[in-house]
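With chain A's structure known, arrange chain B on it following the hints.
Line by line, the protein sequences give chains A and B.
Residues in the first sequence are numbered consecutively from 1, following the numbering used here.
Residues in the second sequence are numbered consecutively from 1, following the numbering used here.
Simulated from the structure, these hints should not be mistaken for lab results.
Beta carbons are placed, not taken as given, at the ideal position from N, Cα and C, and that holds for glycine.
Worth double-checking, as some hints may not be accurate.
What the hints assert, rightly or not - Across the chosen pairs, the derived CB separations fall in these ranges:
hint, chain 1, residue 1, chain 2, residue 2, range
1, A, A133, B, N256, 28 to 36 Å
2, A, I40, B, Q53, 45 to 53 Å
3, A, F233, B, D43, 44 to 52 Å
4, A, G200, B, L63, 52 to 60 Å
5, A, R51, B, L33, 54 to 62 Å
6, A, R66, B, A34, 49 to 57 Å
7, B, E65, A, L223, 56 to 64 Å
8, B, Q53, A, A227, 33 to 41 Å
9, B, W72, A, A227, 51 to 59 Å
10, A, R28, B, A125, 19 to 27 Å
11, A, W54, B, P62, 49 to 57 Å
12, A, R159, B, L95, 24 to 32 Å
13, A, G200, B, T64, 55 to 63 Å
The primary structure of each chain is shown beneath.
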Amino acid sequence: MLRFLALRLLRALLTVTICVSAVFVALRLAGDPADIMLSIDTPPDVRAYYRELWGLDRPLAEQYLRYVASAVRGDFGLSFADERPAFAAVTEALPKTFLLGASALMLALLVGMPLGMLAALRHNRAADRLAMATAVLGYAIPVFFLGILLILLFALKLRVLPSAGSESIWHLILPSVTLGLPLAGRLARFARTATLEVLGKPYIRAARGRGVMPLAVIVRHALPNAAVPLLMFIGLEIGHILAGSAVVETIFAWPGIGRLLVDSVATRDLAVVQAVIFTVTVIMVGANLLVDVVHILIDPRLGGFARANGKPA
Amino acid sequence: MTTLDIRARPAPAARSRGRAMSPVVRLSACFLLAVVLVALLADWLAPLPYTTQNLAARLKPPLTEAGGIVHWLGTDQLGRDILSRMIFAVRTSILIAVMGTLIGAIVGTLLGFVAARMRGLVDQAIMMVVDAQAAIPALFLALTMLAFFGNNIVLFIVLVSIDGWDRYTRLVRGLVVSEQQSDYINAIEALGAGSSRVILRHLLPNIAAALVVQATLNFPGTILLETSLSFLGLGVQPPGTSLGLMLGEGRRYLLNAWWIAVFPGLAIFLTTLSMSLFGDWLRDRFDPTSDRH
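If we strip away everything but chain A, and leave its shape as in the complex, we get (with noise of 0.2 Å):
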């Protein structure tokens, strides 16, 4: 199992150096450097002054390396907007985006779970149809039409909440509901299709041959079984969360990375661009190693410390 956790390990810190290597041959495919942050009509002392200082002058392997050694110190250059360090502000955005996506992921969870195992268990039937229809339309709904409705509805007509900022917790419902209900439709589908395959499950049916009611088969036998690819589809989804964040963070005027990113794209302000992807990257593969690894330890036939107690698993 070690040696699996180190190539696993090796593989996400190869993700992460192609993506960051991408990153680096896209910037010298798209020009120039000093082109694309100087104006046009900078002088050519000034020009050559900004290249030597940017390290424009040595050859390509030596600007990849530093390039790369300077991405592992989080040190992506300064940033044009605020002239502070662009990991700064990544590391400033990033809690405001966790704290959305955390909330977007727990609505979810609460709507889209309940709703999959409901249909699930009226298999076929008027509500499995009804809840499945919700989903649907919960997921086919763009982010960016859905925040435009509720703010028409929650903050322009009715007046009950804010429609932009981050000061107050108020300001934080419309937002993660905007973030979190496709996400809902998404983990309701999920659900139900995770629910019907233990439902068919043998052990499954035999408690309920015994007299268990559904619902306690579902919550003591079906749910411990569901974790392991609820585990890894939350895992998928992260990817989702944080492309839904540029959409939504810019409609409700969220201060997180995503919102920084489409900010910093309109102003070209590469060394934020780097140090976003960077991050985003990182978070992305990260997210994406844990699942695996926790795979890994709850799942007692990959070898690891769990152990079917008793329990029909």
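Then chain B, alone, in the frame of chain A:
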């Protein structure tokens, strides 16, 4: 495609359920057909050119008559007819999404074939890139590239194709690897068929159904990527028009003129919804590799 039955998998219960087109699926298919027709016939359908401004009739609500023309869906901040703009926006959005899907599907499928046929180092390298792609959300990658390269329509279409190519590669690689071990491929190769013949005449037709289903299921995501980028002001640029751009522009006028944002948003929503429903049905109906509920 009788060869599909060679695998002789027992039909899961889920598949028999989705065979007939339910009314909802039929409605979705009709809506998608209508969207395609609108995109094709935009020049004839639109009451006005999408750039025509009428500053005397700014921010007029739906069903307002101005200058001898009824603005069915109202006008925007420059007095442009929302319905006309939407008709052309549908054309732009659909065109970009279709091209993006095609590029993604072709590149992804090719790489999948290369990985599955070559195996070894090439396979490893391709799958490494697939993993790396999966590690960055397509929207973030597209935003970054726009920052580096600046905005132009060709790059934009290529960026839209980013969403999903890795899924085609994974799918095709998996299918081809398993298909290559089947007796009929072994027999054909033993008879001396070349690689291109095996791929084009046998492997491709056998995985085509799964590919089409994947493309259909991917399409809503592609539309959303295009509209999201345009919504953020980094995709289609004015004076061009796209559904996302209209929504982004209308966002600033929500308080006084909700119709500018809501109608294009509704159009995007209904398109992605129909495509999802239609794609699900297609998967249940045609994809022999799926046994999801």
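Against the structure, the hints come out as follows:
1. A:A133 / B:N256: 28 to 36 Å: holds, 34 Å
2. A:I40 / B:Q53: 45 to 53 Å: violated, 32 Å
3. A:F233 / B:D43: 44 to 52 Å: Given a distance of about 45 Å, which is inside 44 to 52 Å, the answer is holds.
4. A:G200 / B:L63: 52 to 60 Å: holds, 54 Å
5. A:R51 / B:L33: 54 to 62 Å: Holds: the Cβ-Cβ distance is about 56 Å, inside 54 to 62 Å.
6. A:R66 / B:A34: 49 to 57 Å: About 56 Å separates the Cβ atoms of R66 (chain A) and A34 (chain B), which means 49 to 57 Å holds.
7. B:E65 / A:L223: 56 to 64 Å: holds, 60 Å
8. B:Q53 / A:A227: 33 to 41 Å: About 58 Å separates the Cβ atoms of Q53 (chain B) and A227 (chain A), which means 33 to 41 Å is violated.
9. B:W72 / A:A227: 51 to 59 Å: holds, 52 Å
10. A:R28 / B:A125: 19 to 27 Å: With a Cβ separation near 21 Å, R28 (chain A) and A125 (chain B) satisfy 19 to 27 Å, so the hint holds.
11. A:W54 / B:P62: 49 to 57 Å: holds, 54 Å
12. A:R159 / B:L95: 24 to 32 Å: violated, 40 Å
13. A:G200 / B:T64: 55 to 63 Å: Since G200 (chain A) and T64 (chain B) have Cβ atoms about 57 Å apart, the given range 55 to 63 Å holds.
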